[in-house]
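Here the protein sequences line up with chains V and B, keeping their order.
Just so we're aligned, residue 1 is where the first sequence starts under the working numbering, counting upward by one.
Just so we're aligned, residue 1001 is where the second sequence starts under the working numbering, counting upward by one.
Among these hints, one or two may not hold up.
What the hints assert, rightly or not - 30 Å max Cα-Cα, derived DSS-like pairs, lysine-lysine:
(1) Lys1198(B) - Lys121(V)
(2) Lys1147(B) - Lys170(V)
(3) Lys1251(B) - Lys27(V)
(4) Lys152(V) - Lys27(V)
(5) Lys152(V) - Lys1251(B)
(6) Lys1198(B) - Lys178(V)
(7) Lys178(V) - Lys1164(B)
(8) Lys1241(B) - Lys1293(B)
Worth flagging that the hints you see were computed from the coordinates, not collected in a lab.
So the chains spell out like this:
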Amino acid sequence: MDDRQIIAMLFQRNDHALKEIALKYGKLIFRVADNILCCHENSRECVNDTYLAVWNSIPPQNPNPFIAFICKITRNLSLKKLRDKNALKRRSQTLPIYELEHELSDCSFEDKIDARELGRKIDSFLDTVDEESRVIFVKRYWFSDEIAEIAKATGLSESYVYTKLSRTRKKLRTCLEKEGLM
Amino acid sequence: MKDGYFFDALNEISDEHIAEAVAYEPKAKIIQWKKLVPIAACLIAIAVSVFAVTQSEKPVITTYVTTEDYTYSLPMTTVSCAPVRDWESMNYGERFNYITVKDVRYVLCDETLSDDTIGNSLVSEKVSVEYMKDDFRTATAEIYEIKDISSDIFTAFRFTEDEKGEYFLYYNTDYTPSTLGHYIDDINAVNNISFVDKTITYRNDYPNGDFKQVTYRIDEKVEKELFEMLTRLKDTACEPKDYHETTETVKIYTEVMNQTHMIYLTGGGELYTYFGADDDMFCFNIGTDEFRKFVAFLEGEAETIRTLMGCPASELVTTPTTVPDYSVLPSALESNKTLGEIADIPGFHLKSTSWVVYEQDGEEDTVYSTGYAFNELFLKLIELNSDKNAIVRTSETGERLQLEPMYYQDEEDIYVYLCNDGYLYITYGTITRAFEIGTDAYNEFMDEFYSVSCVWTPEHPVTIG
Chain V
1 MDDRQIIAML
11 FQRNDHALKE
21 IALKYGKLIF
31 RVADNILCCH
41 ENSRECVNDT
51 YLAVWNSIPP
61 QNPNPFIAFI
71 CKITRNLSLK
81 KLRDKNALKR
91 RSQTLPIYEL
101 EHELSDCSFE
111 DKIDARELGR
121 KIDSFLDTVD
131 EESRVIFVKR
141 YWFSDEIAEI
151 AKATGLSESY
161 VYTKLSRTRK
171 KLRTCLEKEG
181 LM
Chain B
1001 MKDGYFFDAL
1011 NEISDEHIAE
1021 AVAYEPKAKI
1031 IQWKKLVPIA
1041 ACLIAIAVSV
1051 FAVTQSEKPV
1061 ITTYVTTEDY
1071 TYSLPMTTVS
1081 CAPVRDWESM
1091 NYGERFNYIT
1101 VKDVRYVLCD
1111 ETLSDDTIGN
1121 SLVSEKVSVE
1131 YMKDDFRTAT
1141 AEIYEIKDIS
1151 SDIFTAFRFT
1161 EDEKGEYFLY
1171 YNTDYTPSTL
1181 GHYIDDINAV
1191 NNISFVDKTI
1201 TYRNDYPNGD
1211 FKQVTYRIDE
1221 KVEKELFEML
1231 TRLKDTACEP
1241 KDYHETTETV
1251 KIYTEVMNQT
1261 HMIYLTGGGE
1271 LYTYFGADDD
1281 MFCFNIGTDE
1291 FRKFVAFLEG
1301 EAETIRTLMG
1311 CPASELVTTP
1321 TTVPDYSVLP
1331 SALESNKTLG
1341 EIADIPGFHL
1351 KSTSWVVYEQ
1361 DGEEDTVYST
1371 GYAFNELFLK
1381 LIELNSDKNA
1391 IVRTSETGER
1401 LQLEPMYYQD
1411 EEDIYVYLCN
1421 DGYLYITYGT
1431 ITRAFEIGTD
1441 AYNEFMDEFY
1451 SVSCVWTPEH
1461 PVTIG
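Please construct the entire structure, taking both the sequences and the accompanying hints into account.
And the structure:
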């Protein structure tokens, strides 16, 4: 079913829409949660919370693209779960995002800009790189996907993905240096 | 850094970029027609010469031949064709991506070097490349050492004609170290190897298709152990051998000069190194003891980031070689034996290694693929409860884990299930017996179960029955 149709059903308060979301995006949502939480039980809870949040927020919201909206909800709920357990810092060291932190570790960004500002700069930076590098970067650091999964999804070799990531991180570093943030 | 600072930062990634990543499909290879022009020209040339040759011959005699005796050749010259990029659009490195200097073949690495990394000048040579057929382009290449790395393996090239004066990194494709010590000296391993994602992966594939994959963090301790091992084995000779993956491997992704550099250790006692710049791998036979020692170190000392255990679901459909004899089961259940005695009944196969597991929570079933790890967990449960007597009891609650060893494929009347009332049930036809394991043990089992099993997916279907 088309995303627009699902949203229309949500506007009509038709709970069948949630079944359609589960059918279409259930696995992806679970993966987003599980990549962060690494616990199937918590991840499933998070997936259910996502459905509830979608139900409660549409309407009034009418998101486009819908998939990004759902994934963001799941990611935020998963991070909240980790924060509630005071496990965010410990967990972040076992996730791919650690590579990014490590690359940019010699700068105390939070003294200079808030996280959202840095995020916007990273987002603008992603507009300047090629599609392949951008997709690999987002899959790795936003979705926390394994290198092997990314390689499979993009039809590239693991070593190529690895090299691409490494170069994109370095380009990001150079970009932030130019902005005077490092 | 503040907790979650980077997580929060990445939250600002735009919806479009996220949607793009989800929707991304591997690109089909696009045929660039412009690049095919030289190839087409060659094909036309070949066709014309074939035509000319066949037409110039006297009467054409048609013979029917098999591929084996179709051996005549056409009087043609060899034509080499390659996709060609516009010369002006390429930088000097791209123009001269493969260069042979004094019989040594160098390949361009996608990297330019800063002036402060450049060492002594080695030689200056006229180099040429065949840009198009019979169209040779030349330049003067100045070749330099790079600081802190042997020029036997990497060198910097600068082209006199290049106005930008860039230093390009080149890899010597003819490089082969004599020993491991020679290799680590040449790449200046201690200073140049960087562990970018700071992880090391150990994987063990069991004969039944199950696997265990553990990711460890590379911290100072692990780095030290690795370098100590490399140094200790410095006299190990480099052998010309293709990579041979064994059931146990340790893989370390690293970088040297920003180039992908991998170190693989195999259960066969071999250490391979590999540069992304070239396809060749260097093999050092370090011996199985060294491999075991390193794995033992990882298991004992390194911090585990995550453990994946399971098996490819395709392995679950393996047909058992012997058909179990179920006829003994009804009488065994009715005689109220202990769980241990039931598990030991020959032919019952409660100790099967491949299971299909359904989780039933009253609504829908979730199917899991399991394997070696699950079996270990289940056997532990049986062992701990082997003295529990069978009782007559019917499960009262909806949540349960239904287990089906693959051997039961043809025997639909047999069910084994764990229920959240704290009992393990075995049912054969109309006979059901329960063994009390306790709700705590059930919950503990379920916690571990989730960590060793993966949800069945259509990509990895499990065929049942």
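Here's how the hints hold up against the structure:
For a cut-off of 30 Å, the pair hint linking lysine 1198(B) to lysine 121(V) stands: about 26 Å separates their Cα positions. The hinted pair formed by lysine 1147(B) and lysine 170(V) meets the criterion: a straight-line CA distance of about 21 Å does not exceed 30 Å. Restraint check: the Cα-Cα separation between lysine 1251(B) and lysine 27(V) comes to about 29 Å, which is no more than 30 Å; the hinted pair holds. For a cut-off of 30 Å, the pair hint linking lysine 152(V) to lysine 27(V) stands: about 16 Å separates their Cα positions.
Among the hinted pairs, lysine 152(V) with lysine 1251(B) is consistent with the structure: their alpha-carbon atoms are about 18 Å apart, no more than 30 Å. Using a Cα cut-off of 30 Å, the hinted pair lysine 1198(B) and lysine 178(V) holds, with the two alpha carbons roughly 27 Å apart. At most 30 Å may separate the alpha-carbon atoms for a hinted pair to count; lysine 178(V) and lysine 1164(B) meet this at roughly 21 Å. About 23 Å separates the Cα atoms of lysine 1241(B) and lysine 1293(B), which keeps this hinted pair within 30 Å; it holds.
In this structure, every one of the numbered hints holds.
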